[in-house]
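Chains as they are written, first to last, in the UniProt record's numbering: chain A, 1 to 288; chain B, 1 to 288; chain C, 1 to 288; chain D, 1 to 288.
Among the hints, a few may not be true.
The list treats identical chains as one, so a pair stands whether inside a single copy or across any two.
Result set (DMTMM-like, lysine to aspartate or glutamate): computed pairs, CA atoms no more than 25 Å apart in a straight line [unchecked claim]:
#	residue 1	residue 2
1	Lys152	Glu189
2	Lys213	Glu189
3	Lys152	Glu225
4	Lys152	Glu105
5	Lys152	Asp200
6	Lys236	Asp272
7	Lys236	Asp2
8	Lys236	Asp147
9	Lys213	Asp2
None of these hints come from the bench; they were simulated from the model.
There are 4 protein chains.
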Amino acid sequence: MDVGVIGLGRMGRGMVQSLVRGGHRVRVWNRTASAADGLDGVTVVHSAADAFTGDAAITMLADDAALRSVIVEGGLLDSGTRPGLHLSMSTISVALAQELTAIHERAGVPYIAAPVFGRPDVAQNGALNIVVAGDPSVIAKAQPLLDALGTKTWPFGTQPYRANAVKLAGNFMLIAAIEAMGEAAAFAEGHGVASADLLDLLTNTLFASPVYKGYGASIAAGRYEPPGFGLRLGLKDIGLALAASGQAGVPMPFASVLRDTLIDAVSHGDGDKDLAALALVSARRSGR
Amino acid sequence: MDVGVIGLGRMGRGMVQSLVRGGHRVRVWNRTASAADGLDGVTVVHSAADAFTGDAAITMLADDAALRSVIVEGGLLDSGTRPGLHLSMSTISVALAQELTAIHERAGVPYIAAPVFGRPDVAQNGALNIVVAGDPSVIAKAQPLLDALGTKTWPFGTQPYRANAVKLAGNFMLIAAIEAMGEAAAFAEGHGVASADLLDLLTNTLFASPVYKGYGASIAAGRYEPPGFGLRLGLKDIGLALAASGQAGVPMPFASVLRDTLIDAVSHGDGDKDLAALALVSARRSGR
Amino acid sequence: MDVGVIGLGRMGRGMVQSLVRGGHRVRVWNRTASAADGLDGVTVVHSAADAFTGDAAITMLADDAALRSVIVEGGLLDSGTRPGLHLSMSTISVALAQELTAIHERAGVPYIAAPVFGRPDVAQNGALNIVVAGDPSVIAKAQPLLDALGTKTWPFGTQPYRANAVKLAGNFMLIAAIEAMGEAAAFAEGHGVASADLLDLLTNTLFASPVYKGYGASIAAGRYEPPGFGLRLGLKDIGLALAASGQAGVPMPFASVLRDTLIDAVSHGDGDKDLAALALVSARRSGR
Amino acid sequence: MDVGVIGLGRMGRGMVQSLVRGGHRVRVWNRTASAADGLDGVTVVHSAADAFTGDAAITMLADDAALRSVIVEGGLLDSGTRPGLHLSMSTISVALAQELTAIHERAGVPYIAAPVFGRPDVAQNGALNIVVAGDPSVIAKAQPLLDALGTKTWPFGTQPYRANAVKLAGNFMLIAAIEAMGEAAAFAEGHGVASADLLDLLTNTLFASPVYKGYGASIAAGRYEPPGFGLRLGLKDIGLALAASGQAGVPMPFASVLRDTLIDAVSHGDGDKDLAALALVSARRSGR
């Protein structure tokens, strides 16, 4: 397919490589043009509008503000040449997803939400798990792109915002798992048990899953840089989860604890470390 | 080996079957004698003292009070015939573990702590994960028993109480995982997403581990009975974790939330349901 | 002074009465005109612009959205006749306060923030406590209005947003006091102690202050309607406090608990009750 | 009356002085005899048994362990000469209060619970607020003592443990008020507002009560020593409140937050400071 990709952060770059490998013709655009350096087999275009055209456009931007700035304030939906469909893959708020659904409908541009689970290296390997929601016929058209990007597409119905809600729920559970490990590690150390030994046991038995193994190893090694999933980004995502929980009237005490813990971490200068650095907050609380 | 087992709850019964299958000669005792009904190949004895003798004695009792009642108040350590070693496998407090270590030392009875991870069916299959701590030479003597009971023994040094701390840390993480799923499920439902679909996605990808798969399936199906791990027992264990965290000076905000949520569940009559019923608290908080 | 008042909710109406009694010439405007019914001695004007003129304009609106809609989106700062100063008395976010400060400065309209503590009847009696921040010379010009509205003006420096931060801190402490009473009441009832007796003791001794006496009496009597300070409004204010705490990098675990408790209350249909109805959440959590 | 007082901590010493001034004949005993130094008009006795006799005995000890050690393990209830009544004034657990009620009944010694609100100087001035529960005829006999010690006696029925529950509820609310001020202070400082100014406003208006004024002034001044109410003692009391809340099936999220915050403070070496030092935890969490 002929696809434009807007947003070349670490995730976006990885995804572009998978699309090229999958045989798609890829145009790319990023606010900072140098982000495209070293990407082979793509056409670098010089405006967002030039990317937002063709068979499909993919957006993979950092947050609500960035996506709103490009799509809404940038007026892309009012431009003459528009894409066959817009595959919105950023992790954004439920509220913005609802707003974008409405304005795309008014503009006559098919819109589906397809946020992903996986780190940049997973994106580069085309092995993401993709959560998708929207009109099934539009999803069907986008399927070649989804196949290039991920190992599996998980459908969540026809309302795009539900895919975003699922993504936020997943990130909440991921950060909760890290906090639980951080508290357990501080608890163990407080009783003279090496946290590495504790996490070795638990992440190879009851919790033998990618999230626990990956972040558990980081906590065990005290290795918080470079960030795979940055702590400040985690705070943003918990903020989105809390906003969406308020919208739905669902109290989430764990998410509330996570917000306070993440703020604590950022206020102590760890915002650019990996989410695993949440364990430093647990340790600090215990006076270590 | 010639081993006496004190405590024939669901876990104890499963363990006895594995010991028999492993070729050990097993005497059993339980406060309520009928608990031994249907156990083949064992000798039922009529006092705790008759079980607390031989090559080794294993205790697998419900809580601190039960273990204290049998061992300390029952005066077993002062009796004439005492076992070659005491393998203490119950989930008990760090404080009681420390106390038992001291009084066994005074009484000259080798004492090792060996709490386990695994449900009753896992005990019956001899597939437990066993956390062990104590004098290495004593652990070596107990190894044939540990081999019959579990697939793997995880050593945590020479201080018995550390094995108990590890067990409490593990149960804390397990209950935290269930709470996180419960909150995420309520969040999803609040946005029109079936919690079964959400949990199917997450427990087959990021969280593809035994704990998440097992409890996730229960939450997805709304199936809370019969209990694998009872909610009231979970409240007891979080109480032990909090007591030990206070002793070590380690704040644990997630554990604090869990205590309140578990009390909420018990106060609504769900104490005898499975821990997965924590999800009912999340749902109730959101007005469902 | 010649003053325009925008916003005639229950607080705004009370304030207008105090201004009239203080000898000021008062123009009033409200989105729904009927809100001015029964207000004596005022001139009802038919556009926000007609109120936003004269010696001073006072805004007393429900939330950020309402204030933003009137002032920013309504384009009042670009209109020809503008007031001598804008006295911004609504409870709004720190972020909006900062934004308004900047755009008033660009527009050349003196802007001071003056949020208040006190219920509608206190507003009507001119007995509010007024928190004020902004240019001292502008505050001096507004003093006759402040004197008509309150018993005391509390200055908090020259940056308007700081008055809003103080207001949010005060409302946070108020709602925290109610939650503490609610939990204590449920605790007492759980031990067979009438919560009315407990609160009678505590609000007449250690906690003999207006907030505790007022809300304590409501909880003791189980009297949650009509609302003095509505629960849904309280949720809005805790949301503003949390947003501002995130902006300043300050974790606030009590505020996080309050948010979850307030959402729980609203999700159970108590959003239009008084904040004292937080006590119903504590009771429900305990299975009553 | 002829009264024996067991326990001469700072509270006990103050109470003894009020009893002497009230014309009572006072025998005193303390584990460490030097605690009686400088107390005029009292008879120092050399065993707890010599104090636990006469018209009445008052116990005012530090915690459950101290009271249990003296009364239960000390065997005082089995001794020959026993007091006309036992006025139990320590802050103890609901569970111990229930146990003591039962064993006094078996021993035939009238037992009433009478914990107090007030700092040592208030005790010395005979101005305590006394919470009392037990057999009304026994309370009537003790009234001259209660009148010497306090300005007011607050009756809470015939079950002694209920007075202890009320005391724990009061201390919970007190510590919650301090935490709320600490969080609000950190929030204010985060927005450039001096916490002293914030607390001056709030403790002279909405929160003009003894608790807020006293602890608010300490926080505003950053004055945490000497302790009026020590932080480690506060942690003990929240522990008792949580234990009692569990017993009654009442979730108390604020109390859970307080426990973690108090542990954090103690783990950072502030256990011997005043409870107002909770504000240091809020400040630390925000990176200050």
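Checked hints:
In the homo-oligomer, the alpha carbons of lysine 152 and glutamate 189 lie at most 25 Å apart only across protomers (23 Å), although the nearest pairing inside one protomer, at 39 Å, exceeds that limit. In this homomeric assembly, lysine 213 and glutamate 189 come within 25 Å of each other (Cα to Cα) only inside a single copy, at 19 Å, whereas the closest approach across copies is 29 Å. In this assembly of identical chains, the alpha carbons of lysine 152 and glutamate 225 never lie at most 25 Å apart, being 29 Å within a copy and 33 Å across copies at closest. For the identical chains of this complex, lysine 152 and glutamate 105 are neighbours neither inside a copy (27 Å) nor across copies (54 Å), given an alpha-carbon limit of 25 Å.
Taking CA atoms no more than 25 Å apart as the test, lysine 152 paired with aspartate 200 passes between copies only; the shortest distance there is 13 Å, against 29 Å inside one copy. In this assembly of identical chains, lysine 236 and aspartate 272 lie within 25 Å of each other by CA distance solely inside one copy; the values are 13 Å within and 31 Å between copies. For the identical chains of this complex, lysine 236 and aspartate 2 are neighbours neither inside a copy (32 Å) nor across copies (46 Å), given an alpha-carbon limit of 25 Å. For a Cα distance limit of 25 Å, the shortest separation of lysine 236 from aspartate 147 qualifies neither inside one copy, at 29 Å, nor across copies, at 43 Å.
In this homomeric assembly, lysine 213 and aspartate 2 never come within 25 Å of each other (Cα to Cα): the closest approach is 38 Å inside a single copy and 40 Å across copies.
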